[in-house]
Amino acid sequence: MTPPYALTSSHASSGDMVTIFMWLAAVLIFATAVSEVLAYRSRHAANPMIENLQSRIYAWWGMIAIMGGAFAIGQGAVILLCAFLSFNALREFLTLTRRNRADHWALVAIFYVALPIQYLSIWMGWYGFYAIFIPVYAAIGLPVLAVLRQRTDHYLTRISETQWALMVSVYCVSHVPALLFLDIAGYEGRNILLIAFLVLVVQSSDVLQYVWGKIFGKRKIAPDVSPSKTWEGFLGGVMSASLIGAALHWVTPFTPLEAFGMSLIATMMGFFGGLVMSAIKRDRGVKDWGHAIQGHGGFLDRLDSVVFAAPIFFHLTRFFW
Amino acid sequence: MDKNKPASQLSCKYRSLLYRFFRFGGGQAISVFAKIITSPRIVFQHQLSKDRQKVYYANHTSNADTVLIWAAIGRRERTSTRPVAAADYWLASPLRRLIGKDIFNILPIERHAQNRTVDPVSAMADAIGDGSSLIIFPEGRRNDTASPLLDMKPGIYHLAKHHPDIDFVPVWIDNLGSVMPRGEIIPVPLICAVTFGAPINLKDNESQQDFMTRARHALCALAPLDAFNTEDAS
Numbered sequence: 001m002t003p004p005y006a007l008t009s010s011h012a013s014s015g016d017m018v019t020i021f022m023w024l025a026a027v028l029i030f031a032t033a034v035s036e037v038l039a040y041r042s043r044h045a046a047n048p049m050i051e052n053l054q055s056r057i058y059a060w061w062g063m064i065a066i067m068g069g070a071f072a073i074g075q076g077a078v079i080l081l082c083a084f085l086s087f088n089a090l091r092e093f094l095t096l097t098r099r100n101r102a103d104h105w106a107l108v109a110i111f112y113v114a115l116p117i118q119y120l121s122i123w124m125g126w127y128g129f130y131a132i133f134i135p136v137y138a139a140i141g142l143p144v145l146a147v148l149r150q151r152t153d154h155y156l157t158r159i160s161e162t163q164w165a166l167m168v169s170v171y172c173v174s175h176v177p178a179l180l181f182l183d184i185a186g187y188e189g190r191n192i193l194l195i196a197f198l199v200l201v202v203q204s205s206d207v208l209q210y211v212w213g214k215i216f217g218k219r220k221i222a223p224d225v226s227p228s229k230t231w232e233g234f235l236g237g238v239m240s241a242s243l244i245g246a247a248l249h250w251v252t253p254f255t256p257l258e259a260f261g262m263s264l265i266a267t268m269m270g271f272f273g274g275l276v277m278s279a280i281k282r283d284r285g286v287k288d289w290g291h292a293i294q295g296h297g298g299f300l301d302r303l304d305s306v307v308f309a310a311p312i313f314f315h316l317t318r319f320f321w
Numbered sequence: 322m323d324k325n326k327p328a329s330q331l332s333c334k335y336r337s338l339l340y341r342f343f344r345f346g347g348g349q350a351i352s353v354f355a356k357i358i359t360s361p362r363i364v365f366q367h368q369l370s371k372d373r374q375k376v377y378y379a380n381h382t383s384n385a386d387t388v389l390i391w392a393a394i395g396r397r398e399r400t401s402t403r404p405v406a407a408a409d410y411w412l413a414s415p416l417r418r419l420i421g422k423d424i425f426n427i428l429p430i431e432r433h434a435q436n437r438t439v440d441p442v443s444a445m446a447d448a449i450g451d452g453s454s455l456i457i458f459p460e461g462r463r464n465d466t467a468s469p470l471l472d473m474k475p476g477i478y479h480l481a482k483h484h485p486d487i488d489f490v491p492v493w494i495d496n497l498g499s500v501m502p503r504g505e506i507i508p509v510p511l512i513c514a515v516t517f518g519a520p521i522n523l524k525d526n527e528s529q530q531d532f533m534t535r536a537r538h539a540l541c542a543l544a545p546l547d548a549f550n551t552e553d554a555s
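Heads up: the sequence lines are chains A and B, in that order.
Our numbering puts the first residue of the first sequence at 1, with every later residue one more than the last.
Our numbering puts the first residue of the second sequence at 322, with every later residue one more than the last.
For the record, the hints were derived by calculation from the structure and aren't laboratory data.
None of these values were measured; they are calculated from a predicted model.
A portion of the hints provided could be inaccurate.
Away from chain B, derived, C-beta distances all over 10 Å, residues of chain A [as the list claims (entries may be wrong)]: (1) F87; (2) R101; (3) T317.
Over the 12 Å line for every Cβ pair with chain B, so calculated as not near, a few chain A residues [as the list claims (entries may be wrong)]: (4) R99; (5) I140; (6) G285; (7) G298.
Partial pick of chain B residues on the chain A-facing surface, computed with a CB cut under 10 Å [unchecked claim]: (8) S360; (9) R463; (10) D465; (11) L470; (12) L471; (13) D472; (14) M473; (15) R503; (16) C513; (17) L546.
Glycine included, every Cβ here is placed at the ideal spot set by N, Cα and C.
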């Protein structure tokens, strides 16, 4: 097992990590070239889709650079980066939830107590605590904090939405760095690659669903929730991302077939996560969760597929490997 | 000490390099802090002219409203813009006086009529005459009711009467009231939005009622869609 507190980059994984990022850079260079050609060919008329594509790709350069930097520094940086993502996801989510002045102390506790404690226990590798802290202690503590202020209007709605914000933005996201402390025989010191694997498969599924959908998309899956999701995009994206996952089996503890199966589950969860998060946005009448990432929207618009995939991927790996 | 003069006119001896550094650095620090806490989405629906004097008028739900507008308009615009603020609050302690007068360069207004030596509207009109832009909250007090916007006081019309050529820029601040509701001391880092609308000007022979209605509509038009049909009490 990777000892807790061993927060430096491990030599066992650094060569493979460099290979992954070289491939990512190659893909991004190709994507940038394609989008520049498209932009050049449509230079005489404004084309919002291509402009959005360009800013998305530039943002990908930034996001991959930041992730690469965190991976290069080591486990501590990965945990801090995920805590930062959780913080931003949380503020985006709680901006849309129903709340009133009586919830102020509950919100203060979420931002300044619950989030740091969750990531601190991840940092300590204390599975027995971080697996239940939010579903048990926060789930009980927050309604108590809110009820002490004696405002009962929409009480159930307020505490449920607040709790859900915490589950999705902190609990679910924190299962990405939790992968660092999984105890897998024969995989010692390489756990950081499992994070790269999960994030890469889920995010490439998002991108490939977008690409397949734009090229072949006809039949809508759930037009009342997300008009841009099609069967062609879904199947093409999930299958091709799972094939990428199978091809990446050499960085994981999985065989090629297992890597394909785990990728399939992760991308399906990613798809459902995206769908659920779209339903919330639609209910609240917004198009994006935020405005922090050029072309993409908010942090949660990028994380929406990771939030459902991470805990499931974590626990399946924990059960079977 | 003359309460109504900006600090920069008070005395030459303070205008040392160090003092200017303090004003600039303090202003930048407050602006950056406000932006970190509220991650504001700042939207200018209309390109505002740099060369025109303006009266920004905004809805008022939080003590920090002034700070957020002030941070949103940018460094250049800030140097010539004075928030109109309550004298009894900002002149109450030396620290507030320092931040209020020297960093924000507020125009202090006496809230209670019986203490007044200067009429607020003429103080504002004088400040505009001196070349300043202003930030005002025409509701006259902080709104902690369920209604998104209280009735606006007619001072804004009288100000427009004094200076019909001034641009009145509506500014809607969204969500800041939840970041730090009245009586709380710890801000919660929720996302805010600051939306600047197209400026309006007093038309020839426009009545008070017409101008007030127009100003109110211009402001309400910037609010998010659900602001005026929610049953939320916040």
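Here is how each hint holds up against the structure:
1. Separation of A/F87 from chain B is inadequate, the least Cβ-Cβ distance of about 8 Å not exceeding the 10 Å criterion.
2. Non-interface status of A/R101 relative to chain B is broken: a Cβ of that chain comes within 10 Å, the nearest being about 4 Å off.
3. Against chain B, the non-interface label of A/T317 holds: every CB pair exceeds 10 Å, the least being about 33 Å.
4. With a cut of 12 Å on Cβ distances, A/R99 falls inside the contact zone with chain B, its closest approach being about 7 Å.
5. Distance check for A/I140 against chain B: the nearest CB is about 21 Å away, which clears 12 Å, and the non-interface claim stands.
6. Remark: the non-interface label on A/G285 conflicts with the geometry, its nearest Cβ contact in chain B lying 6 Å away (cut-off 12 Å).
7. Taking the minimum C-beta to C-beta distance to chain B, about 8 Å, the non-interface status of A/G298 is violated against the 12 Å cut.
8. For B/S360, the suggested interface contact is upheld, since its CB lies about 7 Å from the closest CB of chain A, less than 10 Å.
9. Against a cut-off of 10 Å between C-beta atoms, the interface hint on B/R463 is violated, since the closest Cβ of chain A lies about 13 Å away.
10. Taking 10 Å as the C-beta contact cut-off toward chain A, the hint placing B/D465 at the interface holds, the least distance being around 8 Å.
11. Annotation: B/L470 was flagged as interfacial toward chain A, and the flag is violated, the nearest CB pair being 18 Å apart, outside 10 Å.
12. Checking B/L471 against chain A: minimum C-beta separation of about 17 Å lies over 10 Å; hint violated.
13. Interface restraint check: B/D472 against chain A, minimum CB-CB distance 22 Å, threshold 10 Å, status violated.
14. With 10 Å as the threshold, the beta carbon of B/M473 stays out of range of chain A, its nearest partner Cβ sitting at about 24 Å, so the hint is violated.
15. At its closest, the beta carbon of B/R503 sits 8 Å from a beta carbon of chain A; the interface hint therefore holds under the 10 Å criterion.
16. The criterion of a C-beta within 10 Å of any C-beta in chain A is met by B/C513, whose closest approach is roughly 8 Å, and the hint holds.
17. The interface hint given for B/L546 is met, as the beta carbon of that residue sits about 6 Å from the closest beta carbon of chain A, less than 10 Å.
Hint compliance for this structure: hints 1, 2, 4, 6, 7, 9, 11, 12, 13 and 14 are broken, all remaining hints hold.
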